[in-house]
Every structure is written in structure tokens, then in C-alpha cells.
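Peer 1: Using the sequences plus the hints, can you model the full thing?
Spelled out from the first residue to the last, the chains are:
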Amino acid sequence: MRKYFVIAAGLLFFYGLNGCKKSEKAKVEESTTMVDATTAATIAGKIKFSGAASKAKMIQVTSDAYCTKQHAGGQIASEEVVVNSNKTLKNVLVYVKKGLEGKKFATIKEAAVINQHGCWYEPHVLAVMVNQPVKILNSDETLHNIHSMPKVNSGFNFAQPAKGMETTKTFDKEEMMIPIKCDVHSWMGGYIGVLSHPYFAVTGEDGSFALKNLPPGEYQIEAWHEKFGVQSQTVKVAEKESKTVEFTFKAGAM
Amino acid sequence: MSRVLWAIRRELLLILSILILSSPFLFADGKALYEKKCSQCHGIEGKGDGFAAEFVSPKPRDFTLGTYKIRTTASGELPLDKDLVRTISQGIPGTSMPAFEKALSKSEIEEMIRYIKSLFPKFQEAKPEAVKIGGVPRRSKELVEKGKELYNQFRCFECHGTAGRADGPSAPTLKDEKGDPILPADFTKPWQFRGGGEVKDIFTRLTTGLNGTPMPAFTGIFPDVKEDERSRWALSHYIKSLSDGHPNFKSVIAAQYYAGDLSLNSSASLPWNDAEEVDLPLEGQVIQEPRLFIPAIDLVSVAAFYKEQELLLRIRWNDRTGHAQLKQGKDSLPDSLSLQFPLERTAVAELPYFLGGSESKPVQMLTWSSNFDKIDKKICKGLNALENAPTSAEGKANFDQGQWTLFLHLPLNLKEFDFKTGEFVPISFSAGDGSNGEAGAKRSVSAWVNLVLQQSPSKMRWVWPSFGFVGALGGEMILLSLARKRRKQ
Numbered sequence: 001m002r003k004y005f006v007i008a009a010g011l012l013f014f015y016g017l018n019g020c021k022k023s024e025k026a027k028v029e030e031s032t033t034m035v036d037a038t039t040a041a042t043i044a045g046k047i048k049f050s051g052a053a054s055k056a057k058m059i060q061v062t063s064d065a066y067c068t069k070q071h072a073g074g075q076i077a078s079e080e081v082v083v084n085s086n087k088t089l090k091n092v093l094v095y096v097k098k099g100l101e102g103k104k105f106a107t108i109k110e111a112a113v114i115n116q117h118g119c120w121y122e123p124h125v126l127a128v129m130v131n132q133p134v135k136i137l138n139s140d141e142t143l144h145n146i147h148s149m150p151k152v153n154s155g156f157n158f159a160q161p162a163k164g165m166e167t168t169k170t171f172d173k174e175e176m177m178i179p180i181k182c183d184v185h186s187w188m189g190g191y192i193g194v195l196s197h198p199y200f201a202v203t204g205e206d207g208s209f210a211l212k213n214l215p216p217g218e219y220q221i222e223a224w225h226e227k228f229g230v231q232s233q234t235v236k237v238a239e240k241e242s243k244t245v246e247f248t249f250k251a252g253a254m
Numbered sequence: 001m002s003r004v005l006w007a008i009r010r011e012l013l014l015i016l017s018i019l020i021l022s023s024p025f026l027f028a029d030g031k032a033l034y035e036k037k038c039s040q041c042h043g044i045e046g047k048g049d050g051f052a053a054e055f056v057s058p059k060p061r062d063f064t065l066g067t068y069k070i071r072t073t074a075s076g077e078l079p080l081d082k083d084l085v086r087t088i089s090q091g092i093p094g095t096s097m098p099a100f101e102k103a104l105s106k107s108e109i110e111e112m113i114r115y116i117k118s119l120f121p122k123f124q125e126a127k128p129e130a131v132k133i134g135g136v137p138r139r140s141k142e143l144v145e146k147g148k149e150l151y152n153q154f155r156c157f158e159c160h161g162t163a164g165r166a167d168g169p170s171a172p173t174l175k176d177e178k179g180d181p182i183l184p185a186d187f188t189k190p191w192q193f194r195g196g197g198e199v200k201d202i203f204t205r206l207t208t209g210l211n212g213t214p215m216p217a218f219t220g221i222f223p224d225v226k227e228d229e230r231s232r233w234a235l236s237h238y239i240k241s242l243s244d245g246h247p248n249f250k251s252v253i254a255a256q257y258y259a260g261d262l263s264l265n266s267s268a269s270l271p272w273n274d275a276e277e278v279d280l281p282l283e284g285q286v287i288q289e290p291r292l293f294i295p296a297i298d299l300v301s302v303a304a305f306y307k308e309q310e311l312l313l314r315i316r317w318n319d320r321t322g323h324a325q326l327k328q329g330k331d332s333l334p335d336s337l338s339l340q341f342p343l344e345r346t347a348v349a350e351l352p353y354f355l356g357g358s359e360s361k362p363v364q365m366l367t368w369s370s371n372f373d374k375i376d377k378k379i380c381k382g383l384n385a386l387e388n389a390p391t392s393a394e395g396k397a398n399f400d401q402g403q404w405t406l407f408l409h410l411p412l413n414l415k416e417f418d419f420k421t422g423e424f425v426p427i428s429f430s431a432g433d434g435s436n437g438e439a440g441a442k443r444s445v446s447a448w449v450n451l452v453l454q455q456s457p458s459k460m461r462w463v464w465p466s467f468g469f470v471g472a473l474g475g476e477m478i479l480l481s482l483a484r485k486r487r488k489q
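For the protein sequence lines, the chains are R and A, in the order given. Its first residue numbered 1, the first sequence is counted upward by one per residue in the numbering used here. Its first residue numbered 1, the second sequence is counted upward by one per residue in the numbering used here.
By construction, these hints were calculated from the structure, which means they are not laboratory data. It is possible that some hints are incorrect.
Derived pair list, reagent style DSS-like, types lysine-lysine, alpha-carbon separation capped at 30 Å [to be verified]:
no., chain 1, residue 1, chain 2, residue 2
1, R, K109, A, K127
2, R, K212, R, K135
3, A, K148, R, K173
4, R, K135, R, K69
5, A, K127, R, K151
6, A, K122, R, K104
7, A, K178, R, K135
8, A, K59, R, K151
9, A, K122, R, K169
10, R, K181, A, K148
11, R, K97, A, K178
12, R, K173, A, K132
Peer 2: The structure is reproduced here in C-alpha cells:
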């Protein structure tokens, strides 16, 4: 009888030990990759747009008097396709898709902000790191519900009925892209990209992007646009090298 | 000793091998049950695309998406098994989801849940936790008032409407997770609330939100957790109070005697609070073409006053889109309401066919339409055999905050409406929502109920008891004074 107890205890001990070992291993893996600033490279460039740029779609805001008042004529220009004056494209997320496998990067502690302002999301496209805080602000004197619709992460849908309210959320898994919407104001929509590394940028008014402090190596760079889809290029950067990359999205590719 | 151990070991091995060998059958059980009981609506693969799906609204759940409305877990989380047990056992009010409590055993429901969860792999790793829900605070006037204040402050009206009738400005644009239109809850009908209509249920939905729908969680609005919770209790009590006194499902509409002016002009100012308002459920007409599977109007509420030669009916029903008919006027499909009486009234037991009567038992049908100021009358021998007829009935309707109110005036001295006091007059209702493409036979209908002109209560009913009371009091006083006198002597 005692023999069995000994065996059982031994087995338990063995499994327990194994479990401990595993978690120790995990800890080691979690330690982050340090990028040597003296050898780091940069990939930068522009997102060009070719073809006739049609005027931005105008959204007529009617259901909420507060929102209507915030915009001339109660109209907001859609941000689905924004062609800048220098023929570049706004709201394109450029990021490293491949080439960083096996590396871990420290989470950005600084919160990214989504501001609900004038019944509109600012910014329209946001990218964050896994577990980076995302501060969601309501700057409007009306009710917004912020409704995320992820496939990988857990979703949320909560109300912010007052001006000045802020809530901080995080996403614990990599995911491209998570649509967000406000159901109260059906025209309010945006996207959040969640990445496991800090090498991403969203184009602004000049359509440019820069991925700095990259370890030298070969990377697949992807550019994502909500209407025009994705494009990718493979770029190799040596130590301290700065490379320029251009992507061109065409009208009619919608 | 060791022999006993060996025996135990052998038994254990035997049980284990039986379990292992039979496990495919154990799992298959849930699947087979699912295919038999659920797949008609939810589809063979659980994608919410069964053959019955097109006839129901809201649409059946797509189990492969993992979004569940009725939970006790935080917004965005998966449900607890307990939540799924509740939904399957009790069904979902106001939808096509029936209660399986009586049709399936407890273990069958558990098997089914195991299978449903296997359709969404995230269930395996997820560890959802129940949100904390304390005891329900007692309703008070202050709490309801506070709730009303918060209703406006939180802008619940954006979707649910100022009076809670689901006609808010954002209501027509709402979409579910699949992009299908979805309706906000009508707060005046808590018996249709998906997760139950009790104050605690309402509080739970405010705390968890309804995943896959536009309804968010109203948590974290006040930094103080206690205050945050109190705000949701107040709101829950207020929402519940919007249906006070309803539903009043009855099969008799009792018209009260009222001696004053019963004309249409003064109809709105009558003491309607004294009249009993009866709620009558309506269902889509699905018997003859064109059929209506997803009706927009599911309830009419009727109250009535009468005097010697007049009957005034007040018929109210919620319509999320009535304002559209007002705006578009005569060009759009109108909203309409009909009521029918048997043409010949014989014994109560012999009712005409409920859809417009028949050749042998015709009905007279009175119809009000939002694009026509007169009441239209037809003699019907079935819904396809309508014949115009003159009528002395008059109607007047107005639309306010998601509700139509129709006043219908019937002169009682004519042969057309020869209703006698105390007599049971069969009556039934049907409604059409133009915005929902409802017209003609494509409308929602009620069953036959009865209209009764209640005996006007005799004015002497106060006199005799009063006499009795005064007499008894006087008698006692005399006895008392006699007794006192005797004691003095």
C-alpha cells in the first residue's frame, strides 16, 4: 500500500517540478530584445495615390442634434479614403509583417488615445502594441458607445454618456485590424491594429511613414488601407542604413 | 491486502476503458440532440442559417461567432454555462427561441451546451467570471425619479426613445454583429425583454451589455463603484416603471358609462385613467397570402367609454416608424388599424372566421388609415371578398413619441351598431405598419375578444349603505346613552 503512495507522490512531484521548470522557461523567453541604437536602421517612405482623387464622401449627420451642430451644414467628410494635397494617402498603417520572429519588445507604456470628438474618432486608424494602454476619451456632450469587434481579442462595448469620461483598455493579442464603431452614431467607425512590436506607423497629412530603430535585417513591410487592401514589399537594411520605400495605391482598386 | 488492491485496480481499469471507449458516443449525444432540436433555426453547422432562419426576427444565434446576448459576465466575455442553461431552459422572450425546460432533461441540456461550446474554440481557454450583482433595492418614488433623470443624462433615448417606445433617433440605423438591422428594446413591454423583465434582469443587462448588439454596458460611468451601481438600480427601477399596470391581457373590453361629452373633439380630455385599458396581443397573419412573418405591431391597448347612444373607443399601439408615415403623407404605404364585428350577432359560441369572416358568417370591418381622414367600412366574406359599405363611424388619430392613439366614435342608436348594455359583442383587431410593407391581408391580427357596455352603476348604490351606516350609528348611540343613564341611576 505504502509503495503506491510513494509512487503517486513521486509522480506528483515530477509533474509539479516540470510545471515549475516550464514557467521559469517562459520567464526567460519574456525578456525583451534590446536593439543596439548604434547599428539600428530605418525604413521610411510615402504612400502614394495614383489616379483621379474623387472628393471625400460627405456624411449627413441627422440623428443627434449635438453632433449636427459640431459640423458646418451638419456634414462630416468621410475618412474612408483621404487623398492628401501631395497625392499621398492618409490613414494607411505601415508595419513590419515578417522579419522580427522570435524577438520580444518591451510594451509601450505610454497610452495611445482615441478621442471621440465632434461625433468622430480621432484618429480614424490607430495602431498599438499588445498590452499597450488605449485611452478612450469622450470630448462630446452626448452619449457614445465604444464597440470593438475583434476576432482574436475579447471584445467590449461600453457607454460613455458624459463629456470628459475616459476609459483605458488593452488588447492582449496581436490582431489586424479590429473594427470599432459607435452604434448611437452609425457614421462613427475606425480601426485598431494590435502588434507585438513597436515597428508601425499610420500615415497622416503628408502620407509619410518612418519605422526607426530597426535591428538590421530583412523585413516584409506591409501597408494596410481600409478600402484598398494590403500591399507588401521585402526590404533589407544593413547596419545604420536608411532605406526609402514607396507604396502606390490606385483609384478603382476598391 | 494486495489482493483487494488488485481488485480495485482491475475495476478502475474496467471503468476507465468503458469511459474511453464510449466517449465518442457521449459527445455524439450533444451533437445528435443539437441536430434534432436546434439545427432547424441555428443551422447544421451552427451558423444561424437553418431553413427557418429567414422567417424569424431576431435572427438565430450564430454559434461560430461566440457572441451571446444574455450573460452574467462582463461586456465582450463569453457566457457561463449557467447562462446558457438559463437561455435553453427558459427560452428568450420576444423571440422565436422556445423554452426547452420540459422537452429536455437537465443532462441533455448540459450535453447540448457542451456541443454548442465546441463550435467556438475560444470557450476552451476562456474563464469568464460572473459580474457582481447585489440585492435588489426596494423601489421608491425617489429611486424612480432618479432613474428618470439618469435616463435622460445617459441619453438612453437616443435608441430607446423619450417615452421608452424604441423609437429613438438612432433606432433605425442599428445593426447587429452580422450587419442585420436590430431593434432596441421597447421599455413599455418588459415581458419581451430578452433576458427577462424583472428589475434584477434589467440591472444585469445594464451591467453586462448585450454582446453582438449595439447595447453597451453602462458601467464605470461614476468613479465611485457604489454610486455607479446605485445609478444602474435607479435606471432599472425607472425602466420597469414604464410598464406599470401592463400587460393587462384580458378577453373582455369593458366600456365604462360616461355621461359627459363623448364626441371626437373632446376625446383626448376624457378621464381615461378611470377606464380599464386592456392589452391584446397581435400576431402576424400567416394563413393566407400575402403573409406576414415578422410583424411590426404586436400589441393594441383598448379602452372604451359609452353612454346611451354613443361608444368611444381609444385604441393605442406602439409603432417605431409612425412619424415616417406622417412625414411622407399620402405617397407612402399608410399605417392602418382595423376592427371587426360579426355582421349578424347570434350566440357567442358561433364566431365568424377570425380572418374577415366567411360566406356564411360575414363580418363588418372598420378601418382607419394614416392617409385617409374617414373611416372605411367593408362587409367581408373572407379577406378576399370585400364589399364597400357606408358607415356612421368616425375616427381621429394622432402620433406621439412612438405611439398611435386612435379615437373611434360609433353611434349606437343605428342598426349598424345595435349593441345593448350587458351584451357581449365579439370584436377583434388588426394592424398594419406601412413602413414594414404591411398592407391588405399582410398585417398582424388579434383573436376574437368581447366588448361589453357595462351597466351604468345605480346612483342609489351609495344611498342605501349610507342610510344603513347612519342608522346603525344612531342606534348604538341611543343604546349607549340608555346604558349610561341606567348606571347613573
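Peer 1: Are the hints correct? Go through all of them and say.
Peer 2: Each hint, compared with the structure:
1. K109(R) - K127(A): holds (26 Å)
2. K212(R) - K135(R): holds (24 Å)
3. K148(A) - K173(R): violated (40 Å)
4. K135(R) - K69(R): holds (26 Å)
5. K127(A) - K151(R): holds (17 Å)
6. K122(A) - K104(R): holds (25 Å)
7. K178(A) - K135(R): With a Cα-Cα distance of about 27 Å, the restraint between K178(A) and K135(R) holds, given a limit of 30 Å.
8. K59(A) - K151(R): It holds: about 21 Å lies between the C-alpha atoms, which stays within 30 Å.
9. K122(A) - K169(R): The hint holds at about 20 Å.
10. K181(R) - K148(A): holds (27 Å)
11. K97(R) - K178(A): Status holds; Cα separation ~29 Å.
12. K173(R) - K132(A): Cα-Cα ~27 Å, so holds.
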